[in-house]
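Position chain B relative to chain A; hints supplied.
Number of protein chains: 2
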Amino acid sequence: MAISQTTNGVANGAAVSTPVQPAELDASKVVVTLAQELKPIPPATELKFGQVMTDHMMVVSYDPVNGWSTPEIKPYGPLALDPASSCFQYATNVFEGMKAYVGPDGKPRLFRPNKNMDRMAMSAGRVALPPFDTNELLKLIRRLVAIEQRWIPTQKGHSLYIRPTIIGTRSSLGVAASDSAVLYVICSPTGPYFRTGARPINLLAVNETVRAWPGGTGGYKLALNYAPTFKPQQYAAKLGYDQCLWLLGEKITEAGAMNFFVVVQREDGVAECTHHPHQTWTCSRPPLDGTILPGVTRDSILALATAHPSRMVLPNLPTSLRLHVSERELTMPELSAWAADGRLLEAFGVGTAVVVAAVGRIGYQGKDIVLPTHEGGLGPVGRALYERITEIQDGKFQWEDWSVVCE
Amino acid sequence: MAISQTTNGVANGAAVSTPVQPAELDASKVVVTLAQELKPIPPATELKFGQVMTDHMMVVSYDPVNGWSTPEIKPYGPLALDPASSCFQYATNVFEGMKAYVGPDGKPRLFRPNKNMDRMAMSAGRVALPPFDTNELLKLIRRLVAIEQRWIPTQKGHSLYIRPTIIGTRSSLGVAASDSAVLYVICSPTGPYFRTGARPINLLAVNETVRAWPGGTGGYKLALNYAPTFKPQQYAAKLGYDQCLWLLGEKITEAGAMNFFVVVQREDGVAECTHHPHQTWTCSRPPLDGTILPGVTRDSILALATAHPSRMVLPNLPTSLRLHVSERELTMPELSAWAADGRLLEAFGVGTAVVVAAVGRIGYQGKDIVLPTHEGGLGPVGRALYERITEIQDGKFQWEDWSVVCE
Chain A
1 MAISQTTNGV
11 ANGAAVSTPV
21 QPAELDASKV
31 VVTLAQELKP
41 IPPATELKFG
51 QVMTDHMMVV
61 SYDPVNGWST
71 PEIKPYGPLA
81 LDPASSCFQY
91 ATNVFEGMKA
101 YVGPDGKPRL
111 FRPNKNMDRM
121 AMSAGRVALP
131 PFDTNELLKL
141 IRRLVAIEQR
151 WIPTQKGHSL
161 YIRPTIIGTR
171 SSLGVAASDS
181 AVLYVICSPT
191 GPYFRTGARP
201 INLLAVNETV
211 RAWPGGTGGY
221 KLALNYAPTF
231 KPQQYAAKLG
241 YDQCLWLLGE
251 KITEAGAMNF
261 FVVVQREDGV
271 AECTHHPHQT
281 WTCSRPPLDG
291 TILPGVTRDS
301 ILALATAHPS
311 RMVLPNLPTS
321 LRLHVSEREL
331 TMPELSAWAA
341 DGRLLEAFGV
351 GTAVVVAAVG
361 RIGYQGKDIV
371 LPTHEGGLGP
381 VGRALYERIT
391 EIQDGKFQWE
401 DWSVVCE
Chain B
1 MAISQTTNGV
11 ANGAAVSTPV
21 QPAELDASKV
31 VVTLAQELKP
41 IPPATELKFG
51 QVMTDHMMVV
61 SYDPVNGWST
71 PEIKPYGPLA
81 LDPASSCFQY
91 ATNVFEGMKA
101 YVGPDGKPRL
111 FRPNKNMDRM
121 AMSAGRVALP
131 PFDTNELLKL
141 IRRLVAIEQR
151 WIPTQKGHSL
161 YIRPTIIGTR
171 SSLGVAASDS
181 AVLYVICSPT
191 GPYFRTGARP
201 INLLAVNETV
211 RAWPGGTGGY
221 KLALNYAPTF
231 KPQQYAAKLG
241 YDQCLWLLGE
251 KITEAGAMNF
261 FVVVQREDGV
271 AECTHHPHQT
281 WTCSRPPLDG
291 TILPGVTRDS
301 ILALATAHPS
311 RMVLPNLPTS
321 LRLHVSEREL
331 TMPELSAWAA
341 DGRLLEAFGV
351 GTAVVVAAVG
361 RIGYQGKDIV
371 LPTHEGGLGP
381 VGRALYERIT
391 EIQDGKFQWE
401 DWSVVCE
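Taken in sequence, the protein lines are chains A and B. If you count the first sequence from 1, position 262 lands on 262 in this note's numbering, and the numbers rise without skipping. If you count the second sequence from 1, position 265 lands on 265 in this note's numbering, and the numbers rise without skipping.
Just so you know, these hints were derived from the structure itself, not from any lab. Among the hints, a few may not be true.
Any copy will do: because identical chains look the same in the list, a pair fits if it lies in one copy or spans two.
What the hints assert, rightly or not - Straight-line distance between alpha carbons at most 30 Å, and here's what the computed DSSO-like set of lysine-lysine pairs gives:
#1 K231 with K251
#2 K251 with K107
#3 K74 with K29
#4 K231 with K139
#5 K115 with K367
#6 K396 with K238
#7 K115 with K139
#8 K107 with K48
#9 K29 with K115
#10 K231 with K39
With the rest of the complex left out, here is chain A (with noise of 0.2 Å):
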């Protein structure tokens, strides 16, 4: 294991060999191997996020002679690695985040996968992991969703966590590229991310600890984005709050590790007009500018709230109500400016987890933020947005190619 790469070398004296060349990642060669005896599944009331496993994994290596090896589908359970892999001593690593629903058809829905596929190659090209065809590691996961459907749990707001990751394996202490990996895909049944019930999540604005910079890798899903937040979310805990709120310098980027977007009635010449229903209503979220993950929560947050109410109606909002997207720097104090003016509406934190979680307050310079409340939680747009999200992806509501079945 600790051998050096054997490459396609000729032997002194041998014939030339034709070169091999490394071979593609292959869906349609998947080996399925299903497990003798399959876990009972909890009640869906007692699931907490990531922590139960299903049956199946699915697995599948490269290496840089044979390139892809045969994928397989086999009862989950541990890998064996070398110590000196790269994924330990230098966390090549990547993941993904997606959800499997069951629609009405009873048939399992992904949502919007390809914008995860699409992603995941991104992050694997930055931390520089060996590429792969997307459509065929998408084939793997739907093959992987319709073997474990009996998991996916049907109450609203629960659905199948599907985690795709690729580790680096190259076991070689040298500083270098890992020139090898395992790609694989793990689901675990869940309910909502956050155990709060219909409280708000509390933030507290922090910059001392600095989670994502210009140049950096916010804009990516790796792994390494993720150990550095641990002890700052302590503190926050100890104070009180659940959740971080990055800051870069007074500059929000994200929300513990979900973007962050605020509603704001925008000052106009009817800006007194504070709960007209006329008013002119802003759904801000912080640019992308390499420091932000782009999320497809929030890619399709800001597309449901830009076709609304031209192109669709959002559930309970009036047609009324002008909601403006845009996407514009959020900093500290224009928060708190906003928040005194009694301007700042609403702010939640999305993502493929918690979907959309509101958020209560904000602790920031020793003061709180305080949001409005709402019943429930979640106020008018950040309810709204969450309703029509999980019907798209429960397949109650058809939006362009969004929920994707799988056969």
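Same frame as chain A, now just chain B:
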């Protein structure tokens, strides 16, 4: 394996048992299982850094209920880990680089190992891994090195590279600190890190990609600092450079995975006497502001250069040479200006793996800053520091308590 952590909870109706305190790391409990068959040791001339591992490794694990397990020294082999483990998903991995040498007394020695132990504890804390007793870990490393003594090469510039590693093993996908871990130590016999021979390495100054940022993790030895460097490193290699010189804007932070030093002739009354033996030279390196790893070799070079010539004379440097040590910000425009004035005398990278590596040229904004050439690569200051530090490491020169015998 995907079952949620058990706790010291009391079963209904059961007698209350005394709560068990998680065990501390205890080297005296180590269980040694020697390999049945020992590997052949490759000739020192064939060693590539970090590719061949020795016969044994040390492994000990932590869980929040039982604490640290019984440490084991056992045959080198794969680790079996849950695919949901934190080390794969969230990069909760830290490591150290140390070296063992054989002294003239035939006994294996380590170089300032407490510095590595202290830094490892700091690194583990930064990513919220479980704490451990650094003295106990050092005892285990000394024991392992004593067992692996036959693997320590005795040729000049060769040593046994030691890689203590801690990986997070919490097997849950929730984004949170790893409450479980495996700590292991592996060893690899090694010669020179760079295979450029006497040719100095060439650096490409890079600031589109930023390695470390104030408030980031550049001051800790975390696996996650390395993966983002591989893509820029491949780009530098394509342009004919060996490593990246990492910038933050125009400020220099690190060179590849090394701390960076320059030797500059100071501006003063006698500045025109460029090669006068009484000239004052400045041995500068960037200060530790959280963007720079507190290197053990860096610290040692600083101490040795400061000691010259009052407390100890560095090899082959005239006692009349005044070597002034400073910690200051270094910028690329400064380097360019010094080079244009003929005052940039030497540049070198330092670290455990390389010791001291001469820099030949630095690509910056489409041009190369070219350093003076010297026979054998290193200039007089770099050479003197290299010679003295390796004499101390090899136990041939006594200096404070830097060389520690493993018995």
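Against the structure shown, which of the earlier numbered hints fail to hold, in ascending order?
Violated hints: 2, 5, 6 and 10; rest satisfied.
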